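**Student:** If you want the building blocks of each chain, they are given just below.
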Amino acid sequence: MKRFLEGSRAVAEAIKLCKPGVISAYPITPQTHIVQNLAQFVADGELNSQFVNVESEHSAASVVLGAIATGVRAFTATSSQGLLLMGEVIYNIAGMRLPLVLTCANRAVSAPINIWNDHQDSLAMRDTGWIQFYAENNQEALDLHIQAYKLAENKEIMLPVMVCIDGYILTHGHEPVDIPEQEKVDQFLPPYSTSYKLDPSHPITMGYLADPTCYMETRVDIQNALDRALKLIPQIAKDFKHTFGRDTGGLVETYRLEDAQYALIAQGSLAGTIKQVVDDLREKGKKVGALRVITYRPFPKEAIYQALKDVPNIGVVEKAISLGAYGPLFTEIKGIFQNRPENPKINGFVAGLGGRDISQETIIEVFTKLEGAQKDLEFIDIKKELLNGFIRF
Amino acid sequence: MKELKIYARAGQGAITSAAILGQALFLEGKYAYGFPNFGAARMGAPMNAFLRFDDKPVRSRSQIYHPDYILIIDPSLIKSLDCFAGFKEGGTAIINVKQGSEIPTLNKQKVITISAEEIALQTIGKPFANTPLLGAFARVSGEVRLESLLQAITMHFSGKRKEALDKNLEAVRKGYEAV
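For the protein sequence lines, the chains are P and X, in the order given.
For the first sequence, the numbering used here assigns the number 1 to the initial residue and increments by one for each residue that follows.
For the second sequence, the numbering used here assigns the number 1 to the initial residue and increments by one for each residue that follows.
Do not take every clue at face value.
Distance condition first, Cα-Cα at most 16 angstroms in a straight line; then the derived EDC-like pairs of lysine to aspartate or glutamate [what the hints assert, rightly or not]: (1) X:K56 with P:D280; (2) P:K231 with P:D279; (3) P:K2 with X:E28.
The hints are simulated quantities; they were obtained by calculation from the structure and are not laboratory data.
A quick note: this is a predicted structure, and the numbers were derived from the prediction, not measured.
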């Protein structure tokens with residue numbers, strides 16, 4: 001049924017359909033509405049789940065780790081400092097191969113304190129072994145959560161998934177969303193069932209000591225599972241389309257790249273703005289296109305290469321920076337073209353940190369910059385008068 | 001595509017207004033995307049809510065810089081902010097006014113004033129100027145039918161007291177009739 005919903009509500013509806021047995025979270029802006037809605041569903045008897053209130057995100061992550069270790073589907077959500085506080089447990093969840101789903105309502109990180117949107121929080125968790133999806137709109141935010149459980153719980157994968165949705169832009173943005181029927185979700189996503197669980201009648205240990213004779217293999221195993229996920233993610237998107245009739249998820253989305261001379265790469269809701277600009281510029285005869293990276297981990301390098309190999313001028317626009325180096329996605333896009341016959345010009349742009357709005361005019365300007373000199377890193381919409389202005393040493 | 005920008009202070013119902021208006025348009029088969037831009041996250045701080053709407057899906061996620069419509073819930077913001085920056089030619093502003101409010105004169109856009117707060121006090125009993133403003137928007141813009149707006153309000157108040165719903169429906173109707 002189609003409804004006009006806030007993104008947080010859409011995510012909560014998705015989680016309700018997936019029927020987790022345990023939910024635990026600590027409130028943090030802009031994630032709060034998600035678990036607030038879920039707490040209401042539980043209180044109203046619409047969702048049969050145990051909602052565990054805790055005193056911190058570290059505890060929330062630990063509770064859901066414990067729950068899923070006993071073979072119960074679980075859910076948590078957080079943002080920014082909350083995700084950072086979970087950090088230690090985040091590594092453990094992946095290391096123990098527990099198929100948790102977590103929503104990251106993307107927000108900047110401190111200091112200085114900032115509650116607005118960028119991708120620095122989830123990017124800090126890039127190397128943890130978690131799968132990461134980035135949603136463009138509320139519909140996809142809903143759909144990706146259902147796909148996330150399906151993927152995480154696959155016996156060939158058994159890894160946690162972080163579904164990243166832009167804080168405020170999606171969490172607090174209202175738009176039409178189609179909510180699937182429970183029956184169809186049940187058919188697509190059967191109950192979580194595993195023999196790999198903490199059960200007193202069949203005792204096992206998780207996260208035990210792995211000394212130098214065997215630790216490294218645990219990491220290779222995760223790497224191999226993520227490689228398998230690269231093949232499984234498009235298959236799950238296809239099955240999802242078959243069941244629900246909607247084309248969402250997958251590794252990447254290409255937009256008007258056929259014959260494109262200039263292309264921008266982005267993640268999350270920014271891709272929507274870029275698509276709008278692409279259409280406007282195409283009307284004026286400019287050969288422009290876009291590529292949206294939906295799955296960031298595992299990194300879909302072959303899919304990106306195939307999509308971009310005929311585009312001579314590429315720009316990566318990202319809401320994160322590896323301070324002291326480049327935008328993280330830029331570095332990886334550059335790496336894709338190493339030892340390939342094509343040698344496109346690739347420009348790196350960092351924009352929208354701490355919620356600075358990325359307007360359509362800015363995107364047009366970025367497309368124009370692709371015609372100029374190659375630059376590894378260019379900050380967009382910077383107020384030069386504010387530089388060196390915050391702290392006097 | 002049409003774009004609406006709402007000026008208010010946090011707590012005056014700007015996001016709710018954008019959501020209800022988006023819901024009303026959605027009921028008419030249109031696509032809408034309503035979203036906020038907060039300043040400091042506390043009551044009384046100036047903030048905006050935005051609504052884009054179209055016959056086809058809305059994709060742009062940037063803030064709105066060239067609105068077709070401007071709703072000003074709190075007229076005290078006109079003095080401190082440039083509420084009409086980027087206002088499209090031929091656009092329409094609907095402003096809640098109180099006694100002594102300075103009403104701007106614009107050459108290329110229409111300005112409609114309404115004592116929305118007074119209507120809200122008479123109907124709801126609280127100074128929720130946003131509710132009558134929605135009715136005024138329906139009448140002045142012709143973008144959304146009054147019936148759709150009333151239905152959206154009814155959906156918003158589902159599960160709440162019937163009395164509160166009736167008062168808000170009355171506030172919307174009075175706002176519609178006042179312009």
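**Student:** Now tell me, hint by hint, if it's right for this structure.
**Tutor:** Against the structure, the hints come out as follows:
For the suggested pair X:K56 and P:D280, the alpha carbons sit about 15 angstroms apart, so the restraint of at most 16 angstroms is met. In summary, the hint linking P:K231 to P:D279 is not supported, as the alpha carbons are separated by about 31 angstroms, beyond the 16 angstroms threshold. Proximity of P:K2 to X:E28 is assessed by CA-CA distance (about 13 angstroms); at most 16 angstroms being required, the pair is judged to hold.
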